[in-house]
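S.K.: Here's the letter readout for the chains.
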Amino acid sequence: MSETSPQDFKHLALTLAGAQESAPWLDTLRFEGTEQWLEAQWPGRRTELWKYTPLSSLQRGQFTSWGSAQAYTLADEALLTLDAIRLVFVNGEFDAQASSGDAAGVVRFSQADSTQQALIEANLGKIVDTKRHLFASLSNAWTQDGVLVHVPKNTKLELPIYIVHISTPEAAAATANHRVLVLLEESAQAEVIEHFVSDEQQQNGFVNSLTEIQVGANAHLSHYRMNLEEEHLIHIGGVHINLASDAQYLGFTLSEGSQLKRIDYQICHKGKGAHAGLNGVYLPRNKHLLDYHTNVEHEAPHCTTSEVFRGIIADSARAVFNGRIHIHPDAQKTLAELSNKNLLTSDQAEIDTKPELEIYADDVKCAHGATVSQLDQTSMFYLRSRGLTEKQARTMLSFGFINELLQDLPQQAVREHLHRHLTQLFDKDQFVS
Amino acid sequence: MLDIRNLNARVEETEILRNLSLNIKPGEIHAIMGPNGAGKSTLGNILSGRPGYEATSGEIEFNGKNLLEMDIEERAREGLFLAFQYPVEIPGVSNMEFLKASVDARRKHLGQPELSSFDFMKIARETSKRVSLDAAFLKRGVNEGFSGGEKKRNEIMQMMLLEPSLCILDETDSGLDIDALQVVAAGVNSMRSPERSFIVVTHYQRLLDFIVPDYVHVLAGGRIVKSGGKELALELEAKGYSWLEDEVA
Ligand SMILES: Nc1ncnc2c1ncn2[C@@H]1O[C@H](COP(=O)(O)OP(=O)(O)OP(=O)(O)O)[C@@H](O)[C@H]1O
Ligand SMILES: [Mg+2]
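So the sequences go chain by chain: F and E. No gaps in the numbering here: position 242 of the first sequence is 295 in the working numbering, and each next residue is one more. No gaps in the numbering here: position 159 of the second sequence is 152 in the working numbering, and each next residue is one more.
Chain F with its partners taken away, still in its complex shape:
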C-alpha cells in the first residue's frame, strides 16, 4: 500500500476530527493544536527524536474514520480485578455500561461542571511539551472528551482510578484520541491505572494518547500505564508530568510491541525536593517496532530521579530506548540514576539504546548505563542441570529478567495480572525461541 505524504496525512488527520461533536469551551485548545500540527515539521531520518522510528506504517494506514464504540470480546481475565473507579472507553467512546463507581473530582470532560471546565482549560495542553512530542498537537486538535482526575488539597482518593481503553477492529481503519488530565493539589494522594487493551482480532486502528499530570507540593501519585494491545494497532502515546516541591511521582509502564508503538515520558522537576521513580518494560517480538523516549528535566535543586527500563527484544523486532536527563544550572544536589538493560533473544532482534546526560550544575550525582546482552550461559546450565529443557530455561530466565521490575509493584492487581499475562506470552513458542 502506498504512503500518504506528510502534508496529506496531516490534513486527513484533521478532517477526521472535524466529524466529532465538540464542546465549544475546548475550541481554543483545538485551534491551537490544529495550527501547531500543520506547522510542525514532519519527522525524517535526521530528526533526532524520531531517528530510528519511521512513521511509514502510520502514513500507509488509510485512516478514514473516527473511532466509535463497537461490540467486543476480550480474552478471559483481560482486565484487572480490583476495587476501583472504573472508566471504560471503546475506540475512544465512553462505555457507560462497562464503567462503574465514581468519586468527587473524577469526571469526563464532557460532563465537567463550570469549575471543572475552568480547571481543564487552565491545565489541558499546558503541561505537555509539544516541542518534544509532535503528536501532542494532534491530540490537542482532536480533543473532545477525556478524563479529569482532580484531587483537592490534603485529600486522598481511597480507590484507584482505573481507566481502560479498548480497541476493536472497525469497518474502516479508524483513529481514537485518549486524553487524561491528573491534577493533584498540595498533599493530595491518588493512584491512576491506565490500561490499553484490545479485542483479540486483528486491529486496524491508530490510537493517539496523551496523559498530563500535575503533582502539587508534597502530593503523591502512583501511576501505572500498560499497553497490551494486539500487534497491528498503532499507538503513539505521551505522558507529561510536572512535579512541584516535595512531590512524588511513582510510575510504571509496560508495552508489548506492535507494528508501530512510540511512547514518550517527560518529567519536569519544577520545585525543590521532588522525587520521580519510573520503571518500564518493553517486549517487542515478531516484526514490531517499539520506541520509548523518556526525558527528565531537573529544573530545581534537591530533586531525585530513579529510572529503570528493561526490554526483551525477540524475533526480528526492533526497539528504541532513549533516556535523557537534563540537569539545569539551578538544580544543585540532584541525584539521578538511569539504567537500561536489554536482552536480545534472536540474532535478528535489534535495539538502539541511548542514555543522554546533560549536566549544567556542578554539585550533582548522576549515573547512567545501558547494556545489551544475551541470556547468561551459567544460569542456563544451572537450570538445565536441574532437569529444565533449554526452552524452559530460556523462558524462565527471560521472565526473570523483567520480573525483577514486576515483583515489587505495590499494586497487587497489576502485579498479578502482568505475571499471569506475561507467563502466557512467554510460553508462546515464538517469544523466547
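Hints are computed from structural coordinates only; laboratory data are not their basis. The C-beta atom is built at its ideal place from N, Cα and C for all residues, glycine as well. Please note: incorrect hints may appear among the correct ones.
The list that follows gives simulated cross-link-like pairs (lysine-lysine, BS3-like), each with its CA atoms no further than 30 Å apart [stated by the list, open to error]:
{"hint": "1", "chain 1": "E", "residue 1": "Lys101", "chain 2": "F", "residue 2": "Lys481"}
{"hint": "2", "chain 1": "F", "residue 1": "Lys325", "chain 2": "F", "residue 2": "Lys209"}
{"hint": "3", "chain 1": "E", "residue 1": "Lys101", "chain 2": "E", "residue 2": "Lys132"}
{"hint": "4", "chain 1": "E", "residue 1": "Lys132", "chain 2": "F", "residue 2": "Lys444"}
{"hint": "5", "chain 1": "E", "residue 1": "Lys132", "chain 2": "F", "residue 2": "Lys481"}
{"hint": "6", "chain 1": "F", "residue 1": "Lys444", "chain 2": "E", "residue 2": "Lys58"}
{"hint": "7", "chain 1": "F", "residue 1": "Lys394", "chain 2": "F", "residue 2": "Lys104"}
{"hint": "8", "chain 1": "E", "residue 1": "Lys115", "chain 2": "E", "residue 2": "Lys132"}
{"hint": "9", "chain 1": "F", "residue 1": "Lys418", "chain 2": "F", "residue 2": "Lys325"}
{"hint": "10", "chain 1": "F", "residue 1": "Lys340", "chain 2": "F", "residue 2": "Lys394"}
{"hint": "11", "chain 1": "E", "residue 1": "Lys101", "chain 2": "F", "residue 2": "Lys444"}
{"hint": "12", "chain 1": "F", "residue 1": "Lys418", "chain 2": "F", "residue 2": "Lys323"}
{"hint": "13", "chain 1": "F", "residue 1": "Lys407", "chain 2": "F", "residue 2": "Lys323"}
{"hint": "14", "chain 1": "F", "residue 1": "Lys444", "chain 2": "E", "residue 2": "Lys115"}
{"hint": "15", "chain 1": "F", "residue 1": "Lys325", "chain 2": "F", "residue 2": "Lys179"}
{"hint": "16", "chain 1": "E", "residue 1": "Lys132", "chain 2": "F", "residue 2": "Lys394"}
Partial chain F-side listing against chain E, Cβ under 7 Å, derived [what the hints assert, rightly or not]:
{"hint": "17", "residue": "Thr431"}
{"hint": "18", "residue": "Ser432"}
{"hint": "19", "residue": "Phe434"}
{"hint": "20", "residue": "Tyr435"}
{"hint": "21", "residue": "Arg437"}
{"hint": "22", "residue": "Ser438"}
{"hint": "23", "residue": "Arg439"}
{"hint": "24", "residue": "Gly440"}
{"hint": "25", "residue": "Leu441"}
{"hint": "26", "residue": "Thr442"}
{"hint": "27", "residue": "Phe454"}
Cβ pair distances, simulated, as ranges [claimed, not checked]:
{"hint": "28", "chain 1": "E", "residue 1": "Lys101", "chain 2": "F", "residue 2": "Gln427", "range": "24 to 34 Å"}
{"hint": "29", "chain 1": "E", "residue 1": "Lys132", "chain 2": "F", "residue 2": "Tyr413", "range": "43 to 53 Å"}
{"hint": "30", "chain 1": "E", "residue 1": "Glu5", "chain 2": "F", "residue 2": "Asp461", "range": "38 to 48 Å"}
Following the hints, position chain E with the ligands against chain F.
M.R.: Chain E with the ligands in isolation, oriented as in the chain F frame:
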C-alpha cells in the same frame, strides 16, 4: 551406577582430566580429595554436561546408558545431580517456581504425575525445614542475596526434592559453619540408600567424620593418584598431598 573408563577431558583447549577411571556401585559413597586445580570440579562438570567441557576419549556409563550422549537435562532427569561449588544467583526467578519446574520434570520422566502447587508447596516447606532454611527463602529469587552457607543449603534442598540416584557434591562443605555442616551432613545421611550413590568432593577430612565414605580417592593433575578407604582421608589430613606426587613419580 556410574562407570568411568579411561576418561580424557578438556576445558576450552586445555587437557584437564587424564585417563581417569572410576567405578561407583549403587549405595556407595566416594570421597574425592585433591589440591586446588586438580580437576575435581571439571569431573563434576563433565558428568553433568556443562557446555565448554568436553570428553575427548573414554566412556562413561550411567545406569547402563551412555552418559556422554545425553543432554544436560536428560542427565538430570535420569537422576544425576550436581550440587554446585558456586551456586548461581538468578534474580527475578522465584526459587519456588524453579524448584517446582525441576521436580515436575523429574517426576514426568519417572512416569509420576505432576504435583499440584499446593502439594508441592507443602513438600518444599518441609524440605526447607530439614536444611534449616526459612520458608521465606522459597519466595526469593533463586539464590538471590543468599549467604554462601544458605546457597549450599539450597543445593541440598534441591537434592532432597529431586531424589536423584547419583549425587555429586562439589565442596558443599566450604564456607559452612559447624551447625550448617551438620545440617548438610544429616541431609546427605538421611538420603543414603542402597540405590543411591554419592560423590563427595571436599578439602576437609572433617566432613568425612559426618558423611562416612566407602572410598577415598585423591585426584591430582587430572588423574586419580591414589584410592583407599576412609582412613586415607586422615592420612592426607596429616601429610598433605606432596608425598603422593613423589609416590606417583
Ligand atoms: N572454564 C574454564 N576455562 C579455562 N580453564 C578452566 C576452566 N575450568 C577449569 N579450568 C582449569 O582446569 C583446571 C582444573 O580446575 P577445577 O575447577 O576442575 O579444579 P578443582 O580441582 O575443582 O579445584 P578447587 O579445589 O580449587 O575447586 C584448573 O587449572 C582450572 O584453571
Ligand atoms: Mg573445584
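S.K.: Is the Cα-Cα distance between E:Lys101 and F:Lys481 30 Å or less?
M.R.: OK: E:Lys101 and F:Lys481 at ~21 Å, within 30 Å.
S.K.: Is the gap between the beta carbons of E:Glu5 and F:Asp461 within 38 to 48 Å?
M.R.: Hint holds: Cβ distance 39 Å, inside 38 to 48 Å.
S.K.: Take a quick look at whether F:Lys418 and F:Lys323 sit within 30 Å of each other, Cα to Cα.
M.R.: Judged against 30 Å, a Cα distance of about 18 Å means the pair holds.
S.K.: With the threshold set at 30 Å, check whether the alpha-carbon distance from F:Lys340 to F:Lys394 stays at or below it.
M.R.: The hint holds at about 20 Å.
S.K.: Can you verify the interface hint for F:Phe434: is its Cβ closer than 7 Å to any Cβ in chain E?
M.R.: 5 Å, holds
S.K.: Between E:Lys101 and F:Gln427, does the beta-carbon spacing fit 24 to 34 Å?
M.R.: 28 Å, holds
S.K.: Checking one constraint from the list: CA of F:Lys418 to CA of F:Lys325, max 30 Å. Satisfied?
M.R.: The hint holds at about 16 Å.
S.K.: Does the interface hint hold: is F:Ser438 within less than 7 Å of chain E, judged Cβ to Cβ?
M.R.: Status holds, d = 5 Å.
S.K.: Measure nothing beyond the straight line between the CA atoms of F:Lys444 and E:Lys115; if it is 30 Å or shorter, mark the hint as holding.
M.R.: 27 Å, holds
S.K.: Given F:Gly440 was flagged as interface, is its beta-carbon under 7 Å from a beta-carbon of chain E?
M.R.: For F:Gly440, the interface hint holds, since the closest Cβ of chain E sits about 4 Å away, which is under 7 Å.
S.K.: Hold the hint about F:Tyr435 up to the distance rule: shortest CB distance to chain E must be less than 7 Å.
M.R.: OK, holds: F:Tyr435 within 7 Å of chain E, min 4 Å.
S.K.: Are the Cα positions of F:Lys407 and F:Lys323 separated by 30 Å at most?
M.R.: Holds. F:Lys407 to F:Lys323 sits at ~25 Å (cutoff 30 Å).
Comparing the model with each earlier hint shows no violations; every hint is respected.
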